[in-house]
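Take a look at the letters that make up each chain.
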Amino acid sequence: MSLVPERITLDTALKIINAMIRFAKDNQVFPGSYAVVDEGGHVVAFERRDIAPVSTADIAIDKAWTAATMKASGRMLEVITRGEAWRLNVKHKGRLTIIPGAIPIIAHGRIIGGIGHSGGSAEEDLKISQAGWTAIFREEDFKEEVEEKLSKARLIARTVMNIVEERNLKPVSIAVLDEWGGLLLLYRMDGAPYGTLELARDKAWTAAAFRNFSEDAAKFYSNHVNNANWNERVTLVPGGVPFSTEETFRGAIGISGNEPEIDKGVAVEALKRLAIKVQE
Amino acid sequence: MGELEVDVAIIGAGVAGLSIARELSRYSVNVVVIERNVDVAQEMTSNNMGLVCQGADSLTFRPGSLHAELNIKSIPLWPKFAEELGVPFKRVGGLGLICHKADYLRFLKMYSRAFKSSLKPNAPYYIPEGSFKPLQFLDRRSLKDLEPNINPRIQGALYDPNLAVIDPVLLARSLAENAKANGVELLFGNEVKTIERKDTYFLVNTNETTVRASFVVNAAGINAESIAEMVGARNFSYVPVKGILTDFDEETSEVFSHQAFYLPRLGDPHIRAVVPIVYGGLRVGIHLDFVLRSDKNIPLQGLEHNLKVVKEVIPDYPFEKHVKRTFYGIMPLTNAEVGWHDFIVDIPEYVPKWVNVILGPAGVSSAPMLGKKVAELLMTSGLYLTPRTDFNPIVERGVKP
Ligand SMILES: Cc1cc2nc3c(=O)[nH]c(=O)nc-3n(C[C@H](O)[C@H](O)[C@H](O)COP(=O)(O)OP(=O)(O)OC[C@H]3O[C@@H](n4cnc5c(N)ncnc54)[C@H](O)[C@@H]3O)c2cc1C
Chain A
1 MSLVPERITL
11 DTALKIINAM
21 IRFAKDNQVF
31 PGSYAVVDEG
41 GHVVAFERRD
51 IAPVSTADIA
61 IDKAWTAATM
71 KASGRMLEVI
81 TRGEAWRLNV
91 KHKGRLTIIP
101 GAIPIIAHGR
111 IIGGIGHSGG
121 SAEEDLKISQ
131 AGWTAIFREE
141 DFKEEVEEKL
151 SKARLIARTV
161 MNIVEERNLK
171 PVSIAVLDEW
181 GGLLLLYRMD
191 GAPYGTLELA
201 RDKAWTAAAF
211 RNFSEDAAKF
221 YSNHVNNANW
231 NERVTLVPGG
241 VPFSTEETFR
251 GAIGISGNEP
261 EIDKGVAVEA
271 LKRLAIKVQE
Chain B
1 MGELEVDVAI
11 IGAGVAGLSI
21 ARELSRYSVN
31 VVVIERNVDV
41 AQEMTSNNMG
51 LVCQGADSLT
61 FRPGSLHAEL
71 NIKSIPLWPK
81 FAEELGVPFK
91 RVGGLGLICH
101 KADYLRFLKM
111 YSRAFKSSLK
121 PNAPYYIPEG
131 SFKPLQFLDR
141 RSLKDLEPNI
151 NPRIQGALYD
161 PNLAVIDPVL
171 LARSLAENAK
181 ANGVELLFGN
191 EVKTIERKDT
201 YFLVNTNETT
211 VRASFVVNAA
221 GINAESIAEM
231 VGARNFSYVP
241 VKGILTDFDE
251 ETSEVFSHQA
261 FYLPRLGDPH
271 IRAVVPIVYG
281 GLRVGIHLDF
291 VLRSDKNIPL
301 QGLEHNLKVV
311 KEVIPDYPFE
321 KHVKRTFYGI
331 MPLTNAEVGW
341 HDFIVDIPEY
351 VPKWVNVILG
361 PAGVSSAPML
371 GKKVAELLMT
381 SGLYLTPRTD
391 FNPIVERGVK
401 P
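Sequence order for the protein chains is A and B.
Note that our numbering gives residue 167 to position 167 of the first sequence, counting from 1, and the numbers run on in steps of one.
Note that our numbering gives residue 363 to position 363 of the second sequence, counting from 1, and the numbers run on in steps of one.
Pulled out of the complex, with its shape left as it was, chain A reads as follows (with noise of 0.2 angstroms):
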């Protein structure tokens, strides 16, 4: 009766991310961004603090899915490729980050999941990540406090989750973005299948980037563009909510789960909850 988690879900995502975040403040590492992922290397968890670039978000996405899909940490696969890990970059569209701070999620003698962290230094990296896996090994639990834009970003996340939840809809991913488009925070309930992640950033993406309801944004360009295929990102479909918290705070909820509908008017009540205008 052991209770190491068998899978990654969002609750283990989440622990091990504060954990994360704990060493890194300990260690007065700069604020960067931290995701776990499951076996198949697909998003659980995501969270990006405030003040961290915004390209790191990507880099430790993709430093999760190397360590869990390639079933090695980035400090093993550099060894392997004895430095020149580049030349792999052809496949995966350059998806595969071979550098320290790519941990995989081992328990129960299997490979579960995978970690990356992105904004520190390659020892900082691999150090933090590896606090975020020995943190399931844990009892105790991480509640960390983070900047403010994230735990807003995590005020919304719960309050939708608990309105997904009340209203017995199917689980849903969740992407919450800056006003430039930046991810700050994506997490998948569990359950949500994860073509759902894409779905949810994309439509947070277009939010975002029109000022408007994804499904509205065509009215930009239609007379322009006839065809929304222009930019990969650009997702015509309800469940991205733009918002705004008195000025300090601008961005965009993506839900994507449910009918695109029942997803939207999900978004727009949890804004509603937490007093938070939905910007148009």
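Keep in mind that a hint or two might mislead.
[To be verified] Among chain A residues calculated to face chain B with C-beta under 10 angstroms, some are: (1) Asn27; (2) Gln28; (3) Val79; (4) Gly83; (5) Ala131; (6) Arg138; (7) Asp141.
Since the hints were made in silico from the structure, they are not lab data.
Just so it is clear, CB atoms sit at the ideal spot from N, CA and C, and this is done for glycine as well.
Use these hints to put chain B with the ligand onto chain A, whose structure you have.
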């Protein structure tokens, strides 16, 4: 609530904390050891193989790691260390078993690498002549002469005549008694609950006492993570690994008298080793598993694995009838995702006057050097150490710590 003011507070009365305490008792400093249990060595130090890595195996540790450094530097210190402390130190000799030609090549490679890193006079950790007998390869026949009951399918072995076994609990007890006789204070039944970091000192709060210490050594074994977190001094991570061991009764000493181990197999994380116990009997293991620190469960697979191992080495003996007990120890494993364990003995960047000590595998073997290393670290962080003239290195039993 009592209060105490000391120069150095050591948290944990395992072999790590106590060997540091004993080393510091050579100097005129006030030292206290804080332990949550009512006696010494109640955790990792009492639940291990009892091996003192002396040759072949310490030389296989990754060159350049602290793990290798402390163990190899301890080799020449051990005989005197054990004698002063009155602990039986038995050189049983080790056999690295060779089942295939590939095993032979692997041993050869490790051995030559070890020579490069340790045995030449200009090597980083030179082992003085005389403290180390050369290793040798045995063929099937000479192996049979040495161990008549060994599995005839085993083709040979790398023989290490230096390898020794001790009783780590007795070692811890002697260290404690000797330290106490030289002025170290021991606080049992004191679990560290919180630590406050002040400008120039720490306040270590236990369930009974508050200790005001200028320096703290965190040697809390598997609990070191939580202790370090109390002051933001955690700059390391480890996975708790439960190792399950099985003891066989004294009669089994008659069938086998050396330590023997197989090289690890790909895809098999468990260790396969047979070790004689100092007082007789054999200890076999180790079934390994990543667990929670509080995991007290001993799964049946543990005993099954250990029985299988001992029967692989010595096939024609009814070991089932000689099982004495199966038990576990939980050790911290660092860098477990790549399998490059290393000790942690250092001062965190943002918490000066604090030393983290995390040993894990082969921690007992590094005891003689560990104390010296930590004393050095404390000195570099500002502890003034003047040798005492009245230090008595010889243990006198019965001081009752
Ligand atoms: C299965 C197994 C086999 C091994 N085989 C070998 C071997 O063959 N050879 C070898 O050299 N090494 C071996 N080792 C490793 C060796 O046992 C350890 O490295 C060594 O015992 C570590 O000692 P320690 O003092 O660091 O830890 P411990 O002995 O665990 O001591 C830590 C102490 O800190 C105390 N403590 C913890 N928290 C608190 C608190 N909050 N307040 C107060 N006190 C606290 C604990 O009670 C404990 O007494 C083995 C380990 C295992 C698990």
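- request: Would you pick out the hints that fail for this structure and give their numbers low to high?
  value: Failing hints, ascending: 4 and 7.
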